[in-house]
Amino acid sequence: MPAVQDTIDRVKLIDVDQYKYGFETEIEMEKPAIGLTEDTVRYISDRKNEPAWLLEWRLDAYKRWLTMREPDWSRVDYPGIKYDEIYYYAAPKANAGPMSLDDIDPEILKTYEKLGIPLREVEALEGVQTRSNIAVDAVFDSVSVATTFKAELAKAGVLFMPISEAVHEHPELVQKYLGSVVPATDNFFATLNSAVFSDGSFVYIPPGVRCPMELSTYFRINERNTGQFERTLIIADKGSYVSYLEGCTAPRRDENQLHAAVVELVTLDDAEIKYSTVQNWFPGDAEGKGGIYNFVTKRGDCRGKNSIITWTQVETGSAITWKYPSCILRGDGSRGEFYSIAISNGKQQVDSGTKMIHLGKNTTSRVISKGIAAGRSDNTYRGLISAHRRATNARNFTNCDSLLIGDQCGAHTVPYLESNNASAVFEHEATTSKISDDQKFYCMQRGLGEEEAVALIVNGFVKDVLQQLPMEFAVEAQKLISISLEGSVG
Amino acid sequence: MAEITQIRTAAETGLAALFERLKGGLPGDVAVREAALSGFATMGLPHRRVEEFKYTDLRALMRDAAHPAEAPSPDETTKAFAEAKAFAEIDAARLTFVNGHRAPHSSELPAGIEVVTMPDAMASGHPLLGFLNAVAIARGNPIYDLNTAFLADGVVIRVPAGLAVERPIHLRFLAAASAPFSTATRILVIVEEGASLTLLESHEGRDGVAYQPNDVIEFVVGDRAKVAHLRLNAEGSESLALSTVTAKLGAEVVFNSLNVVVGGAASRHQVFATFAGEGTNARIDGANMLKGRQHSDATLVVDHAVPHCTSREMFKSVLDDSSVGVFQGKIIVRPYAQKTDGAMKSNALLLGEGATMNNKPELEIFADDVVCGHGATCGALDADLLFYLKSRGLPQALAQSLLIQAFLGEAVESVEHEGARESLIGVIEGWLAARG
Numbered sequence: 011m012p013a014v015q016d017t018i019d020r021v022k023l024i025d026v027d028q029y030k031y032g033f034e035t036e037i038e039m040e041k042p043a044i045g046l047t048e049d050t051v052r053y054i055s056d057r058k059n060e061p062a063w064l065l066e067w068r069l070d071a072y073k074r075w076l077t078m079r080e081p082d083w084s085r086v087d088y089p090g091i092k093y094d095e096i097y098y099y100a101a102p103k104a105n106a107g108p109m110s111l112d113d114i115d116p117e118i119l120k121t122y123e124k125l126g127i128p129l130r131e132v133e134a135l136e137g138v139q140t141r142s143n144i145a146v147d148a149v150f151d152s153v154s155v156a157t158t159f160k161a162e163l164a165k166a167g168v169l170f171m172p173i174s175e176a177v178h179e180h181p182e183l184v185q186k187y188l189g190s191v192v193p194a195t196d197n198f199f200a201t202l203n204s205a206v207f208s209d210g211s212f213v214y215i216p217p218g219v220r221c222p223m224e225l226s227t228y229f230r231i232n233e234r235n236t237g238q239f240e241r242t243l244i245i246a247d248k249g250s251y252v253s254y255l256e257g258c259t260a261p262r263r264d265e266n267q268l269h270a271a272v273v274e275l276v277t278l279d280d281a282e283i284k285y286s287t288v289q290n291w292f293p294g295d296a297e298g299k300g301g302i303y304n305f306v307t308k309r310g311d312c313r314g315k316n317s318i319i320t321w322t323q324v325e326t327g328s329a330i331t332w333k334y335p336s337c338i339l340r341g342d343g344s345r346g347e348f349y350s351i352a353i354s355n356g357k358q359q360v361d362s363g364t365k366m367i368h369l370g371k372n373t374t375s376r377v378i379s380k381g382i383a384a385g386r387s388d389n390t391y392r393g394l395i396s397a398h399r400r401a402t403n404a405r406n407f408t409n410c411d412s413l414l415i416g417d418q419c420g421a422h423t424v425p426y427l428e429s430n431n432a433s434a435v436f437e438h439e440a441t442t443s444k445i446s447d448d449q450k451f452y453c454m455q456r457g458l459g460e461e462e463a464v465a466l467i468v469n470g471f472v473k474d475v476l477q478q479l480p481m482e483f484a485v486e487a488q489k490l491i492s493i494s495l496e497g498s499v500g
Numbered sequence: 191m192a193e194i195t196q197i198r199t200a201a202e203t204g205l206a207a208l209f210e211r212l213k214g215g216l217p218g219d220v221a222v223r224e225a226a227l228s229g230f231a232t233m234g235l236p237h238r239r240v241e242e243f244k245y246t247d248l249r250a251l252m253r254d255a256a257h258p259a260e261a262p263s264p265d266e267t268t269k270a271f272a273e274a275k276a277f278a279e280i281d282a283a284r285l286t287f288v289n290g291h292r293a294p295h296s297s298e299l300p301a302g303i304e305v306v307t308m309p310d311a312m313a314s315g316h317p318l319l320g321f322l323n324a325v326a327i328a329r330g331n332p333i334y335d336l337n338t339a340f341l342a343d344g345v346v347i348r349v350p351a352g353l354a355v356e357r358p359i360h361l362r363f364l365a366a367a368s369a370p371f372s373t374a375t376r377i378l379v380i381v382e383e384g385a386s387l388t389l390l391e392s393h394e395g396r397d398g399v400a401y402q403p404n405d406v407i408e409f410v411v412g413d414r415a416k417v418a419h420l421r422l423n424a425e426g427s428e429s430l431a432l433s434t435v436t437a438k439l440g441a442e443v444v445f446n447s448l449n450v451v452v453g454g455a456a457s458r459h460q461v462f463a464t465f466a467g468e469g470t471n472a473r474i475d476g477a478n479m480l481k482g483r484q485h486s487d488a489t490l491v492v493d494h495a496v497p498h499c500t501s502r503e504m505f506k507s508v509l510d511d512s513s514v515g516v517f518q519g520k521i522i523v524r525p526y527a528q529k530t531d532g533a534m535k536s537n538a539l540l541l542g543e544g545a546t547m548n549n550k551p552e553l554e555i556f557a558d559d560v561v562c563g564h565g566a567t568c569g570a571l572d573a574d575l576l577f578y579l580k581s582r583g584l585p586q587a588l589a590q591s592l593l594i595q596a597f598l599g600e601a602v603e604s605v606e607h608e609g610a611r612e613s614l615i616g617v618i619e620g621w622l623a624a625r626g
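As you go down the protein sequences, you meet chains R and Y in turn. Just so we're aligned, residue 11 is where the first sequence starts under the working numbering, counting upward by one. Just so we're aligned, residue 191 is where the second sequence starts under the working numbering, counting upward by one.
Quick caveat, the hints were computed from the structure, so don't treat them as lab data. From the three backbone atoms N, C-alpha and C, an ideal C-beta is built for every residue, glycine too. There's no promise every hint is true.
[Unchecked claim] For each label pair, taking beta carbons as the anchor points, the in silico distance ranges come out as: (1) Y/S297 with R/Q449: 55 to 61 angstroms; (2) R/L76 with Y/I197: 21 to 27 angstroms; (3) R/L76 with Y/E543: 56 to 62 angstroms; (4) Y/G320 with R/W83: 43 to 49 angstroms; (5) Y/A207 with R/F407: 47 to 53 angstroms; (6) R/F407 with Y/A200: 26 to 32 angstroms; (7) Y/K529 with R/P222: 19 to 25 angstroms; (8) R/M454 with Y/K529: 24 to 30 angstroms; (9) R/G416 with Y/P585: 54 to 60 angstroms; (10) Y/Y526 with R/K186: 30 to 36 angstroms.
[What the hints assert, rightly or not] Cross-link-like lysine-lysine pairs, in silico, DSS-like; alpha carbons within 27 angstroms at most: (11) R/K165 with R/K41; (12) Y/K529 with R/K22; (13) R/K450 with Y/K529; (14) R/K92 with R/K299; (15) R/K365 with Y/K244; (16) R/K41 with R/K186; (17) Y/K529 with R/K371; (18) R/K160 with R/K73; (19) R/K160 with R/K186.
[What the hints assert, rightly or not] Derived, one-sided and incomplete: chain R residues facing chain Y with beta-carbon distance under 7 angstroms: (20) L64; (21) G167; (22) G416; (23) T423; (24) A432; (25) S433; (26) V435.
Here chain Y stands alone, though its shape is the one from the complex (with noise of 0.2 angstroms):
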């Protein structure tokens, strides 16, 4: 069959403008820009028809490119500053954008941290970039591309070998403006060997603008080192929300990261983990709270290239009225990754009678002396389990949470940070009190 000729959205003729616009302006090669973009020149924004989007349609769910923020004002800054709540309560040094922005009053970073502004790198082609880019299973994504075409703020941080950073660091993105606006950030952080960091990320933004942030963060972890990730999305009502995690791990490496969901009309999150050396354990996590008409995607891919690691990951969504989930997670085993085990695991609640779940759990083997495993399931909550809290004497509005919280507790129950956890269950119960 002939090749179709393209009919473009309006989303994807004013990416294309936009990109000719800005691109004189932004830091860094623009040949490294125009290469990332040369993807979607011919491809356009992904749809259903291309399968890692099948159920997240992203053509669809863009409607039009929103142009960057400018700079917000002091005013606002002091603003959204105060409006800022989550992971308030912990102690930790706080990095904060706002509308895609790095914001000039930050918190002092604990000490023997390097950071450097990602505009500043770039333009002075720092050795640390060197670093960008590590995962080579990220390489052609469509939402990473986009995000490395149009990259205008984030920070690089480099933990040096052998440090325990106590005290985490709390990335903040706030959303502030009141039209709407996209954001391209990007972090990249590299820990090194047997170093250890925690670092916390939170996206809060207002309720009724459509806004579109695409945030990116890149993990380096040296061998032996310890990281946590833990992030937070409580993006505003009428956002489409992408963002993606990267993470090429040394050898003995401990790495968590878990993503919650409470915020955004559409979100899609991305993981992409790759194992560089034996002996590591990663643990990717998800917890998604979903309600309206709300549709949230957490797609990942864990790539064992190297033999002797393990990789657990556990999703958990609750769909409530006629919101969609959407799970699709790949375990990639390579030909001489032997002693591999790799546990993947989706699990759904749907409440609503509108409710969807999608849940695709792949597994992709190529040696022989493993141990892989997938499971899903989906349904409504148990009703057995109800009855009994019921006849306890619980109302069945309580009973429900109860269940509820249980259910996504598992994915919480591991957060090592006791304050991040605690903090992370106070938006759960907060759901649940919103539903009523």
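Next comes chain R alone, as it looks inside the complex (with noise of 0.2 angstroms):
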């Protein structure tokens, strides 16, 4: 049956050309030549006066991904990157690290007011605003502007720092997880942003501390002509708890800008990683002009037993969407989840979804994925599960549903499920939700409108990837949250 009249509205208010964060903040930025030589990955690992080693390893990535070939096999069509004509780097002027807030420039500053995030932490700490305490990194093209709470973090012994930062204060610690999730050669996109990858955050949660608040990163695309390659690293030591959330825009722009990040969790025994994203950049407009094309290598190492990662996404925004969040299950008993909302609209191209690598014992994952596609837009689901020889009692359940709202979009989906094991149980399904009319009379029985009734029984549909999601993006996500899936395909 065809979508229910409420999700069209619903998802057009969320349309291409209903993008908010369009904007553009005039800024004095410095870059290099413009291309991509060893002079270019001499001159980032120069900027950030990186130890030799980690030259070392950009190089080697670059020289690597000069023999490469980039991908073809998702269901993705774009004219092909010019990747000469990008700058690899853009910093705002005058910025060589502040030291405090007052030494950012206040449009930046006003950049991320606009965006409402706030940087200044007195203001959420006098409850000016009613949202609770959450440690920003605030990176802006290619650098980290600045980053909240530290020292309260510090006192808990968490580290949350820019990557460049890190690299200085504990290299020891980078250098042992750096690219050990995601290695240097791993695909087109990650070998070429372990190259000439900028800034991005580090997070370290010694063994036993939970978190006292949430962590987040905001990136914000905002020089023309630049690609933004950040790297995010998070390790939770043994029996640790963090929730990251991560929040991406740029300005509207007629051509297409790369975005290819690579983020790398590891949890050690008993540690839990949840990681959040609403991306949000900019979509293109309704004709496809412009957008982000952005091509992510996310991955979760649960490298020590009993341990856990949750990959929660809210996708709205991307020209192109490429992304994969996975977990290796490596840890025996180690858990894998992942909950995905991806709404395409416009000419939007969205090939997303998850890998669960079940090698454990007793590893269990759980996919849960909606996508929507309307306007002219095609949403592609592509996941992997499979368990290893030694992967004994290995489970996963997947769902995944998708929708169409008119007759140019596209929904696909694309599992592959490799069993070898005999004791690992998978399960996939799709169901197709339409509202039953049992559950339907029975709201309505006690008193519902017909509508009433269908958005109650849709919210509890949707809920299983929002209850996902910590409170701060739930709100983000509000105006997602009513959207019915009614007339879902699997």
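Got two chains here, each in a separate frame; can you build the complex from them with the hints?
Okay, structure coming up:
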């Protein structure tokens, strides 16, 4: 059955021409020569005053990248990226690492204010805004401009800082874990990132510590013709817990911009990382002009026993999304979860999903994915669930639904299930989520109107994903919350 | 990156050489054969980097290009007939192929049906051959193209409009040679408006002989016609069996195709079905019973090109020892195919410690008013059910057998022809009995 009117209206509210974050900030930036050569890699490394090992690592990745070919297996279509017409680094001038908020260009502060991201701790502490404390690392083009609540976090022993800073302050941790989940050789975009990554967040939670507040990074692409290549590394040591949020926006522009990030998560024994994303990069206009090409490699390694990694994502932005947050379930008893809502409008193309790789015994995973395609967009779920020989008693449950609005869009599902272990149990299902008459009747005989009944049932339906979002993000996701998937197809 | 110079395997160079040697003696237009082989000339045999062959690496599986077998001697044929067991107890009109060659002594066909041998039809440019290659989504498939290039024998069967054929037609493919050989047979079945047909197809061969059958059966089904197609793969233990079913379905058709696999070292069965008329109902099922190091691949593409059609796909795999099962299903719903109802299901039971199941149930949907679903499961036998049966006094092996039989039974219970259904249940029981 076709989508209900309510859903159509709500998806329209977040249509590409409703993009609110498309403004641009005028700021003087410094950039290397356009294009990518060995000198560019050296320039970036030099700007960040990096140790020799890291420069070597970057150069190795660069050489490797030259031999690689852009992948073409995904269901996205774009004219090809001109890698020699991109700036690989852009930093606000005079930014030699601001010591305090006062050193930051006020234009940047204004930018974040406009985006609703407070960089001044005091506001939050005084309760001017009624929101709980979140430590924020704000990344503006290629550099981190501010990290809040560092002192308070330090009391708990939590390290939260730009990765460029961590390289100097905690080289042993960075060297041990960088590239250990997503190796520099992993794939075309991850290798490119390894060569030219600029900034991103570094988080280390010491053993037994429950991180006292939500950590968050806000990525903003501002400069024209600039790629953003951030790198995030989160390590949760034994028995620790952290919830991490990520948000992204970019100005409205006619040309496409490349975003190729790498996120690596490591959980040791009994640790847990909750990683949530609200991705709202500029999606391009209704004709498909402009927008961010979002080619991202996100992977978590449940290295220790009984560790947990949860990915939650709400994807509404980007002209192209190519992203498969994955879990390697290495430790016995570890668990991976993936919750996703991907909404595509205009001429957006989404090819996203997850990989759950069961290596250890008694590992479990759960995948809930909801895709909604409208306009002339294409929305693909692509997921791999695999159990290796030794993954005794591995369990997976996957549920992926999609919904089309209009007859000019496409919704596709490409699941791969590979089981090499007889005791592994995999279930993949796609419910055709017609609302059952019984449920509706029950609600209505309790006095609810039909619309209300439908909304209630649908809320229960998508809450699988939304209840995984931390409070702060749930607000942003609110407008999506009552999108009905009535009429969805598997 | 620069194009990589292809290193040819023995089978690839062998196939190219074989084609050059044979093409002059094969019936029909050689240009059609050459065109079919052009993809092979540039790409070689499909391997795991080719998405559709990700789980069945044909380049690795086909080590040598086997030569087609000579026509069997009358003695060989008689012996092969005597050994044929599949669907033997069913009263049917039989057309038999021995080592890929049509055998002379086949039983009488039901009245009204037109049968032309493929070589005759090709030599004379028979008008019915216009129905060949009717399914667009099959074109360019490497296995189908290889069959087109090497096509040596087969038949064209036409069931005229309105004719309800009571007695099934049984196509028997027997492999009787003791040395490796290859076959390329093509059956074209045209079921005209309002006609109905039950077609049994069986493939049997000797264990220990590395033969390579490649058979294609193409259905062109007219409006309101009804077709049941039941296929049994009981190929020999060393065979590499490739098979393709294509179906172009008119309006308000009922089409059922079931493939049961117990044989072959490695097999790949492909189904390409396309809906050309509204109100049609298609059911494509499969049951795989594998043991040892057997590998079996079921690949299907169902193309909902028109509105108001229903498709059901159900594949059951039971994997013992170190066997490998593959299911790749794809339902395509084209932009204007509204009110499509599609449901695809693949269930696998892993009995052996070393068994592997690869599932890829894919949906590609471009219409917004459809109901489509897919499900895939794999796992071991349910411990609770086993316990229940054992608590009722059944020994472990029997309890297991009962559960497996019930699991597979779902795929064959929809078979309407009673004799054929009994016969396939017999195959399941035989497989379970051999398992011990």
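Does the beta carbon distance between R/L76 and Y/E543 stay inside 56 to 62 angstroms, or does it fall outside?
Once the Cβ atoms are compared, 44 angstroms apart, the range 56 to 62 angstroms for Y/E543 and R/L76 is violated.
47 to 53 angstroms was suggested as the range; check whether the CB atoms of Y/A207 and R/F407 agree with it.
holds (51 angstroms)
Beta-carbon spacing of R/M454 to Y/K529 - inside the hinted bounds 24 to 30 angstroms or not:
Check passed, 27 angstroms falls within 24 to 30 angstroms.
That 19 to 25 angstroms hint for Y/K529 and R/P222 (C-beta), does it hold up?
violated (55 angstroms)
Does the structure keep R/K365 and Y/K244 at a Cα separation of 27 angstroms or less?
Since the Cα atoms of R/K365 and Y/K244 sit roughly 17 angstroms apart, the hinted pair holds (cutoff 27 angstroms).
Pairwise hint evaluation, R/K299 against R/K92, where the allowed Cα distance is 27 angstroms at most
Given pair R/K92, R/K299 holds - Cα atoms ~16 angstroms apart, limit 27 angstroms.
Interface restraint verdict for R/V435 against chain Y (beta-carbon cut-off 7 angstroms):
This hint holds: R/V435 lies near chain Y, its Cβ roughly 4 angstroms from the closest one there, short of 7 angstroms.
Could you grab the alpha-carbon distance between Y/K529 and R/K22 and see if it respects the 27 angstroms cut-off?
Roughly 24 angstroms between the alpha carbons, so the hint for Y/K529 and R/K22 holds.
Given R/T423 was flagged as interface, is its beta-carbon under 7 angstroms from a beta-carbon of chain Y?
holds (4 angstroms)
If I claimed the Cβ atoms of R/G416 and Y/P585 lie 54 to 60 angstroms apart, would that claim hold in this structure?
holds (59 angstroms)
Agreement of R/K160 and R/K186 with the hint, judged by alpha carbon distance not exceeding 27 angstroms
Satisfied, since the Cα-Cα distance of roughly 23 angstroms is no more than 27 angstroms.
Status of the hint placing R/G416 at chain Y (closest C-beta pair under 7 angstroms)
holds (6 angstroms)
Checked against the numbered hints above, the structure violates hints 3, 4, 6, 7, 10, 11, 16, 17, 18, 20, 21; every other hint is satisfied.
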